Amino acid sequence: MSLLKTVDTNPVFPPRESKALPERLIAGDPAFKTWAQDVAKDDLVHTGVWEATPGETRSIKGDTFELCHILSGMVEITPDAGETVTYRAGDSFVMKPGFTGVWKTIETVRKIYVTVG
1 MSLLKTVDTN PVFPPRESKA LPERLIAGDP AFKTWAQDVA KDDLVHTGVW EATPGETRSI
61 KGDTFELCHI LSGMVEITPD AGETVTYRAG DSFVMKPGFT GVWKTIETVR KIYVTVG
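Following our numbering, the numbering of the sequence shown begins with 1 at its first residue and continues without gaps.
Honestly, the hints are just simulated from the structure, not real lab data.
Treat the numbers as computed from the prediction; the structure is a model and nothing was measured.
Any given hint could turn out to be false.
[Stated by the list, open to error] Label-pair restraints from in silico Cβ distances:
1) T6 with T100: 31 to 39 Å
2) D91 with K61: 13 to 21 Å
3) T84 with T53: 30 to 38 Å
4) A40 with T9: 13 to 21 Å
5) T108 with D8: 17 to 25 Å
6) I26 with A89: 20 to 28 Å
7) L4 with I106: 12 to 20 Å
8) K41 with T86: 27 to 35 Å
Cβ coordinates follow ideal geometry from the N, Cα and C atoms, glycine included.
Could you build all of it, start to finish, from the sequences and the hints given here?
Structural data, given as structure tokens:
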């Protein structure tokens, strides 16, 4: 097993497809695609590419730490009791454990993710 992993930002294998959970859906009908690419540390660390179509959902991180790097598209993230931040292609951010807020996909977004937790 190699300890170096390249993240394929345009994977050719089929993604896992899903929709927003009804209890988290705020607006629209966003669809999600996940191309999981690596798992490590006894299933605690996950890496891959994720895509979402426009819509608005509640984001709840629980015990999970997530690093995101936006490849394309645009999102607005509003932490509970916080100000809205806009992220576009080339931007990176972290959602720490305990984060709750609103994730609004303005333009179909594709990101690299690394989750720990």
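Violating hint indices (sorted, rising): The structure conflicts with hints 3 and 7, although it agrees with all the remaining ones.
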